[in-house]
Amino acid sequence: MTVPSKRKSRYLDPKVLEKIGSLSLVARQVVEGLRVGVHKSPLHGFSTEFAHHRPYVAGDAVRHVDWRVYGRTERYYVKLYDAETNFDAYLLLDASSSMRYGSGPLSKLEYAKFLAASLAYLIVEQRDSVGLGVFDSVLRGFVPPSSTRGAIAIIDRQLQQAQPEPRTDVGALLHEFARRIPRRGFVMLFSDLFDGVEGLIAGLDHLHFCGHNVTVFHTMDPHELELPLSGTCRFVGLENEPEIITQPHRIRAAYLEEVRRFTGEIRRACDRNHADYVLVNTSRPLDVVLADYLLHRSRTAAAGRWP
Amino acid sequence: MPFLNPWLLLATTAVGVPVLIHLLNRHRAVTIEWGAMVLLRKVMKFRSRQIRLEDLLLLLLRCLIILLVVLAAARPTTQWSGIIRKPDVGVVIAVDASLSMAHRPGLESRFDHALDRTREILKSVEPGSPITLVMLGARPRILVRSTGYDPGRCEEALSGSKPLAESLNLERCLGELAELFAEIKTPERELYLVTDGQATTWGRLSDKARQGLSDLRGSGRVFLVAVENSGSQNLAVTHLELAAGVLRVGALVRYQAEICNFGPEPQEGVEASLLVDDQVVEKRFVGRLGPGESASVPLYAVLHREGITRISVRLGDDPLPDDNVAYTVAQVRRTVRVLCVDGEPSDRPHGGATAYVAAALAPGGLEHPDLTMEVETIPWLSLAAARLRDYDVVLLANVPGLVDEAAAALGGFVEQGGGLILFLGQNSKPENLNRRLGQGEPPLLPAELISSFADPGGAQDGMRMDWTSLDYPVVRPLRSLPLDLLSESRVYRLFKVRPLPESRTLLKLSGGEPLLLEKSYGRGKVLLFTSSADRSWHNLVVNPAYPIMLHHAVMYLLQQLYEQPLTIPQPLVLPLPSVQPGSEVLVTDPDGVTSSITATQRNGQASVELAETLRPGYYLIQADKHAPAIPVAVNLAPGESDVKTLDAEALGAAVTSCGIQVLAADQNITAAVAQSRAGRELWFLLLLTAVGLLAVESLVARWYTRHNGG
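Top line first, the protein sequences correspond to chains W and X. According to this note's numbering, the stretch in the first sequence is residues 251 to 557, in order. According to this note's numbering, the stretch in the second sequence is residues 12 to 721, in order.
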């Protein structure tokens, strides 16, 4: 997987993204910029039918080695499957009010939309299916998975219609999707995860139990990550929380510690459930974020973590 | 705790400024819509309390800093020493020791009272504090200079001090006091001027004196401490001089003494005594003298002894005895020899230019020499051959001119102490006289002769003389003559002259033309009369003023330097021809203290010099212990005899613009000083603490920011 050149990064800077506006256009630019499709995508499907064994030869994927056979015979044999299936990817977008925050040209929601659109394009390009769920405290919009190019347009439209609402409940939504999704697939969550880590962890557990491949794109604004503010500030919550008046520079150290603890807890929960955790800083160029994620996926796949 | 600027305490309301700013900051908070409120809330759960405490601490510090600054500006003081050492107060005490302080109406003099006040002041001085003790007169006398206060040493200095026979030179003393005051290096300084408040000094303060007082006030606290004085009665002999007579053995002389009543009450039964060589030779009853009145008292004596004679006039005792005596010295001669050089000799009776002069000086002629001078007349052509050293005075009248030898002889004669009187006339040739007597270095003549002239107005009755300024010894006795008598004199012709800068005009016409001039030459003097000696150019010869003036002119020319009384503190300078420069000369002051002084060279001869005279009476000068003593009379300055004083109120009014505090004679000094000493000022300590707290506040605020800022 190649990392896009710096020239491309600038084009995909969030400031530039805001100007482009069109999710489809951006998605195509991102994916083509990454030259995915030329190389094998790290996003790949699952095979469920075991055919037979053959002896291992150099070059076979280690993940296909049947270790039980090795244990019995002390010889390496790989499993052969009938075929790899296409997968269904579900993009879950948190459209709660807190996602409305943005210190720069793009809010977290807008950035997440671009990110989701890019991934949707990528998935459709490799002829897998992608669907969308937009939620806050409940599921507001849903696009069933589809592998056609028209799905991109539908997803694009749905994304544009997504408007922030006050509350969110990620945990409940994850549980709902765990029940709704018929077969194993990809679940990509785009959220700031401010509604409660316990619910999220329970949801992740459920999804993991169902065999889904989960990626959590933890979307946060750079100001939320670093609290670079000074002076006396009256913080007004976007989800109707009570206001707080304080001097940010005086609580910064404690705040950063809290951010570290918060993200760390979510990361650990993801690790426990074999979910990918991507901390998305919305000040970073979109293609850099995606490239980092896809590179991580490649390495993970090569290490044989995923089936 | 007293404050020097209590009105500034109103500024303590500024303590509320940090609180106000704190509250305003909250209201001016920037509103931010925030997504990560859950994170913020978790932080604020435990940080908000910490922040409140930090804010409280910083607020307290800031309020305290402002409070300290305001208190420092209000200048609090404390009398409490505790761990703080008591304030260092340096003190200068200047005691008026002028003559008026010796006034003693009862058992104690003003000076005694001044010392008592000084001791009161010293009670408020901490041992070890720097102190300067000064006695003031014509100049300051320092008893103790800027040393740590030692009660024993100061008491010894005070006990040994006494009033000076001087006037108070306030301007000079204030100037030197300013230097002494500046030497005191303490946080607080006080200067005490202890004085009787003599009206002649304090009632007529000059601008320079006022400025001097103001300058002192600028360096510290200044107190004018009045001393108790009960009464200002005082009689004084203010002047004594030879009024008439020739100082010859057996001659009757008249001395004139001026007696003044300076007191507020009339004095009855005033009696003056004339003493010759400390023996009373005459007493004169003066009678009643009203307040401020003066009387001129004639006192007669016959001088029986040839040589230097001490003459004095005394009054009875009064509260200030020092000014009840006036002193003078007379050189009594066996004879006075005058050589008259006639420029127009004649055999006729009263002929010749010098006839009237000889008659004036020796009216009895040579047949009655005892009461007159010995006058010899020679024609002017015989001058060159005359032995001038056989005479005391040479008088030239209407001499046409002089040959070189005669001119040189005259110059030498005068230089050695002889007297020369020069009358002009129709024969006088100014170019010759100018050349012979006016071109030396220095010239002998008091003026350059130009030409004779008559009344330019052409008036037939002549030019009048100016009798209003009879201040010099030669003409002063003429004051006793009626003015209308003097005004009868007329001058018809005289020489126009150009006086030299070093000469003095003793008599002049009413139009200003000099008539009688005087000049010193070596040890002698020259008198120049610009008109004739006879009645050819004026009618003065028939006026009683003429012989009086001539007699006094001769006596004036004969007068030795030591016969001229000095006034304290004038320096004493006496030529001693018999002494070599560099040799030791004995000088005994009126108190009998003898000291040895090295004779110096002055004007080509040895002189003894005393920088100042300090006591009234006779200073005796001896070339050595076996040589006869030459007395020099020293008298008090008459100004100090007026001992009237200003009361505290008047003193305060006199110095009101100078910013100094006047303490009345009956006012408790200790209480006044304690009141003025507000104690140790704390402003510096408070300000220092405020600065320290400011530094602490900055460090704490910065630490909070760094520690909590991540």
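Incorrect hints may appear among the rest.
To be verified - These stretches of chain W come out as covered by chain X in the derived footprint (C-beta under 8 Å, 3 or more residues): (1) 418 to 432; (2) 466 to 476; (3) 494 to 501.
If you're looking for bench data, these hints aren't it; they were derived computationally from the structure. These numbers come from a predicted model, not from an experiment. Glycine is no exception: its CB is placed at the ideal position from the N, C-alpha and C atoms.
Per-stretch coverage check for the segment 494 to 501 of chain W, three Cβ contacts closer than 8 Å to chain X = holds (count 7)
Okay, the segment 466 to 476 of chain W and chain X, do three or more residues pass the C-beta test at under 8 Å?
-> holds (count 3)
For the segment 418 to 432 of chain W, do at least 3 residues have a Cβ located nearer than 8 Å to some Cβ of chain X?
-> Coverage by chain X is violated here, the residue count being 0 at a Cβ distance below 8 Å.
The structure is inconsistent with hint 1 alone, although it conforms to all the rest.
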